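Listed in order, the protein sequences are those of chains S, Y and F.
Going by our numbering, the letters in the first sequence line up with residues 1 to 169, in that order.
Going by our numbering, the letters in the second sequence line up with residues 1001 to 1629, in that order.
Going by our numbering, the letters in the third sequence line up with residues 2001 to 2138, in that order.
In case anyone wonders, no lab produced these hints; they're calculated from the structure.
Predicted model only: the values in this text are computed from it and were never measured.
Yeah, the Cβ is synthetic: ideal placement off N, Cα and C, and Gly gets one too.
Incomplete in silico selection of chain Y near chain F, CB under 7 Å:
hint	residue
1	1061
2	1062
3	1064
4	1065
5	1067
6	1071
7	1072
8	1073
9	1134
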Amino acid sequence: MRVPLVIGPVTIPEYAMLGLEQTYEPVEGAVLLRASDGSALKQTAWSKLRTVITGTGWIPDGLAGIDWSSPQLMRASAPRSVWSTSNVITLPAARRGDVGVRGFAIVDDRPVETSVSMAGDTATLGTVSGATSYYAMYWPEFLAYFAPPQQQIDVTGAAVRWRLAGEEA
Amino acid sequence: MALIQAPMQIDVVAPSGRLLVAMRIAVRQRGQVSAPIAIKVVSGFGQVRAPMTIAVRAAARVSVGLRVTVQDSTWSDRSRWRLAAEIGGQDVSALLTGTATVEAEEGVARIAELSLLPDALTVLGPPDTWPGKPVLLDVVFVDAAGTQRRRERLFTGVVDTPAYDPRTRTCSVRCTDELQQHIERLDRAGIAAILPGSYWSDRVFDAGAEPWAHFEDRLSTLAASYDLDRFGAGRLAPWDVAGTAPDWSWGPSQVLDRSVRIELAHRRAITTTVRLTVEYRYRRRRQRERRYVWKHPWTFCDYLKKGSTLPDKDTIRSAAAGTGWALKSEPSYDLLPPSGWIRCSGAGLRAWVIREDLRQKLAVGATFELAARFVQTVTERYRIEVRAPEAVSRYGEQLVEETWGMEELAGDEWRFEAGYEPPPAGAVRDGNGDWIADDYDDPARVDAIETLIARARRRILASLRATRVYGEVPIEPGVERHHVARIQALGIDATGKVARVRHTLDIDAGRATTGVEVALFVADPAGVTDDLVSAPARPDTLSPGPADTVIGLPTHLGGLADSPPEDPNWDGYIGNSTTFWPGAPVYDERFVVKTPGSGADGDPAEFEAAGGGWIPHRVRVPVDALTIA
Amino acid sequence: MPLTFQFYEDSNLTNPVGTLSFTFESDGSTGAIDTVVYFGSTDGTKTLQAVSNPGVDPIQVSVSDSAPGSGQEATAVKLATTQAGLDTATPGAALSLGASISGGVANAVAIWIRVEPTTLAVGTSNELTLTTNDVQEV
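The whole structure should be built from the sequences, with the hints applied where relevant.
In structure tokens form, the structure reads like this:
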């Protein structure tokens, strides 16, 4: 199942993202304090995501018209997941609404797809007999400040590589 | 005049008969027919106007929101935090950046430093309008979902100095809790009320001082600090916290690694003993009175037999008045007996005749009282040694000396303005008979000495709490300078009064910590108790007796066989016998009155309290618990 | 035209009040919180009067609750003209400020406010407002 990547107003065409990789990296104002007996206390002031998307394709990405000084809403193509022993899972609110949530039950260490019914941020997965745990997969959506994309175009070989990095606003 | 109308009717009848003219005559009453006419005269004419204003005003209500927050007192998770701030009533939480610090040190205003994003200029206006705007800084603890759970105040004050960097367009503000202005709003009674137990004397401190200086003067007599808490309310915090259960206790699992420091006191900076010498110089007004008695030594019979010159009353009086001392009252005189028969032994009755006016003029005896006023300067000296024995045994005797003087030397001239005046009300009798009235202000003396003792106590105690232990813990907004804290880590266990608090909240790094410094009294506890602050008793300043206030004036008579040569230094009556012994010296007749002068009592006198020794005043050192292992 | 009369934080009428915030602990350990605001105008030429009968009916300050029956109630607030008067004030009662108030810093009226929450349920309530009756400036 292909989930299209949307950056701001632009939906990246499929032929521009024949190869797509997205990294999610947490960025946080946080510190791990150590007490004098070694006990640790983590203090967090804020926590956001940094994402790097690299794509390869036959046609350019189509991102040239975007105003990179404003934050853009990114609808991701790469999913993230939450695991739980219960079939009722609370998902983060920064989620794509246009692409649904997929739920899986883990039976014998193998994922078995199951139904998902959403109520707000809570996903209730259909129970599967023999399931030891469940997990829900969702596609993130958040406002991010991006640096203008880097493009590498192989003119004679008709291959385009592009890279876009941004941090959650 | 009316017309009487007589309508005539003429019938013209066909010819035949008589011509008849019928006449009808109506007679009416004469009079005037009048139809009343009313004529109104109106002055002016036009439209009547009543001016009307219809004002349409905004009927509005003035209102402000009341936000009441009840926060969960059981929420203890401090791991997720945010800063919240209000400047000039506007929420600027979203504009905070970088590191915010709040520093509170004993006896000094609380200072906060914040950095703001460039949008602050839009929200608050240009930075030059910010000084004086009220500032509130809070730390907010949130749960995992980002909901605010607890909000704790860190700082309440006003913007003191904004700084603006036009290149980066970031603003930083330095804010103060305005401790000095808080004090300057008080009057003297208000300052005394916030510093109970403090002393003040106009002989030690400046009576015309500004409120802040007056406050510092009073505080210098207390072993305590006065600071504003994080809400801006003032608190007096005594330094003596030994034995009190700590408000905060942090152990090795809270005190951050490598943050513990200890500073030990320097011996040279310690004062264990203050020797106070207080001198009180004042005017002692003396009124010396002497009663002079003169009596001619002979009996009247001797007088009749031998005869003698006698002084005039006037001579005696002018001799008395001419001394320069005041005559208390007119002298009383003994006179010769009046003319009559006198019986003397061995001579029978003798006749004695004297002219009455002569009799009234001469005197055989006189009594008069003279008085003089003079001033003596008296100095009372008090030597008080304020000492902390427990500190002496630890550090040795570290001595400081202070000398203070008080004076009451100004005053009206002390003399008889016009003749004798009795001693002033309240005058006491000195041992030597003088009446003395001192220009003495005992309450001022007591106040001054007690203030100086209290100051010396503070000086000693302040120097004994230079030992400090410092530790840093995860953010603890409630730590105040009037709390007692225990820091235990790395072998150090110290419990003492909080002397300094520093909150550091770094938004970029996510680190929020509080640095706490406790002050510790260090000495060898020995169960010493504090002596009560009280001024020593006055020394005895009266002269010993005896009071020799009666002076007998002698009589020297010449012309007698045994009359000595005349001595110009004689006083009393110098006269001659009227039966001259040949060859006997004849004296110049005169009446001399000598006054004793002030003598040693005119010279300044000094008296020492408690016999000149050092009056002890002991200071207890409230030793804090400190273990270094 | 907006009214020049406002609530200020200080007696010199330099800092207008934004929102009055009171924070209490849910275990009741915070007692009542007292604070003072100053009601007046920096424009000395204006006088404030009640609309209903100008110069006769008093100007009143009261607490209005936009959601009575839930959250905090108006009885959480006591009003008085002196801090000592708060002890005897009726909770939730209006405070009369006289038939007219003149402008100018010297004529500003001090209003003392004591807040004791009616409920200690954890949460923030924004439903209370300190407000005057309908007033007009002359």
